[in-house]
Amino acid sequence: LAKTTQPISMDSYEGQEVNITCSHNNIATNDYITWYQQFPSQGPRFIIQGYKTKVTNEVASLFIPADRKSSTLSLPRVSLSDTAVYYCLVDPQTDKLIFGTGTRLQVFP
Amino acid sequence: DAGITQSPRYKITETGRQVTLMCHQTWSHSYMFWYRQDLGHGLRLIYYSAAADITDKGEVPDGYVVSRSKTENFPLTLESATRSQTSVYFCASTRGGYQETQYFGPGTRLLVL
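Protein sequence lines correspond, in order, to chains A and B.
Just so we're aligned, residue 350 is where the first sequence starts under this note's numbering, counting upward by one.
Just so we're aligned, residue 9 is where the second sequence starts under this note's numbering, counting upward by one.
No lab work stands behind these hints, which were simulated from the structure alone.
There's no promise every hint is true.
As the list claims (entries may be wrong) - Residues on chain B that point at chain A, a partial pick, calculated with CB under 8 Å:
1. G48
2. G50
3. S88
4. T90
5. T94
6. F98
7. G104
8. Q107
9. F112
10. G113
11. G115
12. L118
Said to hold, decoys possible - Below, a list of computed lysine to aspartate or glutamate pairs in the DMTMM-like style, where the Cα atoms sit at most 25 Å apart:
13. A:K352 - B:D46
14. A:K403 - A:D431
15. A:K352 - B:E67
16. A:K403 - B:E108
As the list claims (entries may be wrong) - Cβ-Cβ distance ranges computed for the label pairs, FRET-style:
17. B:G11 - A:N406: 19 to 27 Å
18. B:T13 - A:F395: 16 to 24 Å
19. A:F395 - B:V73: 39 to 47 Å
20. B:D64 - A:K352: 15 to 23 Å
21. A:S430 - B:T13: 18 to 26 Å
22. A:V408 - B:G11: 13 to 21 Å
23. A:K352 - B:W35: 13 to 21 Å
24. A:P389 - B:T13: 15 to 23 Å
Since we're looking at a predicted model, the values are computed, not measured.
Beta carbons: idealized from backbone N, C-alpha and C, even for Gly.
Using the sequences and the accompanying hints, generate a full structural model.
Now the structure itself:
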C-alpha cells in the first residue's frame, strides 16, 4: 500500500506559482498519481492525473521524476479562489483509496 | 444533468437510532464509494461497490451497512448510530475502476447526539 506524505499547509500570495510536493516512496509499477482539490463544504474534485514525466491541463501541471517516488503539483499564478485542500492519491487499485489529510493552501491578496 | 446527489444534506440524530444516507448518480457509473471525513483524518473509505449487488469493505466499515440493488443508488446505513459516527459523509462514483476520476457528491453532514 503506497502511503503518501504531503505538507500539512502552505501559504502563498495571489499571482505566485505554487508547488505542492507529494512523497510516495512505495508506489507500484502500475499506479497512477492523482490530485484532487477540495473547497470547504464541498466534495473533492479531480485536478490532474499522471503516470510519469509531465502532464499539463488548463488548471495545473504535474511533474513526476523518473523514479516516481514523488510528484509535484504546480498551480500557476494562484488566485484567492485556489484556497483549498489538495490531496495526492496513489495506489487506487486497492480497496483502501487512501486520501490522506492533504495540503491546506491559503492564498493571500 | 444532476450528476451525483446526496440526501439529506444535514441530519441530526440520537445515539442508537438507525440512519440511512442516500446517494444517487445519473451517469450509470459502475463504481460507487462512501467516505467519511473528520478533522485530522482526511477522507477515509467506508465501503465501495463495483456494480449492482457487489459491495466490499473499505478502511473503516464497522458500524455501517451498504446495499446496491440498482446501479444508480448506493445507500449507506448506520444501524445503531454512535457519537463517533458524527462526520461529513461523501459519496463518489467512477465510470470504471479505481484509477478513473472520482466524482463526488456534495456531502451529508451528520451529527449524532
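Hint by hint, here is what the structure shows:
Taken as an interface hint, G48 (chain B) checks out: its beta carbon lies about 7 Å from the nearest beta carbon of chain A, inside 8 Å. Of the supplied interface hints, the one on G50 (chain B) holds, with its beta-carbon coming within about 4 Å of a beta-carbon of chain A, less than 8 Å. Interface hint status for S88 (chain B): violated, as the beta-carbon distance to the closest one in chain A is roughly 25 Å, over 8 Å. Among the interface hints, the one on T90 (chain B) is violated; its C-beta lies about 23 Å from the nearest C-beta in chain A, farther than the 8 Å criterion.
Contact between T94 (chain B) and chain A, as hinted, is not supported at the beta carbon level, the nearest pair being about 16 Å apart and thus beyond 8 Å. Below 8 Å, beta-carbon pairs count as interface contacts, and F98 (chain B) has one with chain A at about 5 Å; its hint therefore holds. The restraint placing G104 (chain B) at the interface with chain A is violated, with a minimum CB-CB distance near 12 Å, outside the 8 Å limit. For Q107 (chain B), the suggested interface contact is upheld, since its CB lies about 5 Å from the closest CB of chain A, less than 8 Å.
For F112 (chain B), the suggested interface contact is upheld, since its CB lies about 3 Å from the closest CB of chain A, less than 8 Å. Restraint check, G113 (chain B) versus chain A: the minimum CB separation of about 6 Å is within 8 Å; hint holds. Satisfaction of the interface hint for G115 (chain B) is found here, the shortest Cβ-Cβ separation to chain A being roughly 6 Å, below the 8 Å cut-off. Interface hint at L118 (chain B): violated, since its Cβ lies 14 Å from the closest Cβ of chain A, which is beyond the 8 Å cut-off.
The straight-line distance between the Cα atoms of K352 (chain A) and D46 (chain B) is roughly 19 Å, inside the 25 Å bound, and the hint therefore holds. Between K403 (chain A) and D431 (chain A) the CA atoms are separated by roughly 21 Å; this keeps the pair inside 25 Å, and the hint holds. At most 25 Å may separate the alpha-carbon atoms for a hinted pair to count; K352 (chain A) and E67 (chain B) meet this at roughly 14 Å. The straight-line distance between the Cα atoms of K403 (chain A) and E108 (chain B) is roughly 18 Å, inside the 25 Å bound, and the hint therefore holds.
Separated by about 20 Å at the C-beta atoms, G11 (chain B) and N406 (chain A) satisfy the suggested range of 19 to 27 Å. Taken as a hint, the range 16 to 24 Å holds for the pair T13 (chain B) and F395 (chain A), whose Cβ atoms sit roughly 18 Å apart. The beta-carbon spacing between F395 (chain A) and V73 (chain B), approximately 29 Å, falls outside the hinted interval of 39 to 47 Å. One distance hint, 15 to 23 Å for the beta-carbon pair D64 (chain B) and K352 (chain A), holds here, with the actual separation near 21 Å.
Here the CB-CB span from S430 (chain A) to T13 (chain B) is close to 24 Å, well matched to the stated 18 to 26 Å. For the pair V408 (chain A) and G11 (chain B), the supplied restraint of 13 to 21 Å holds, since their beta-carbon distance comes to about 19 Å. For the pair K352 (chain A) and W35 (chain B), the beta carbons lie near 31 Å from each other, so the given range of 13 to 21 Å is not met. Between P389 (chain A) and T13 (chain B) the beta carbons are some 19 Å apart, a value that agrees with the proposed interval 15 to 23 Å.
The structure does not agree with the numbered hints 3, 4, 5, 7, 12, 19 and 23 stated previously, though it agrees with the rest.
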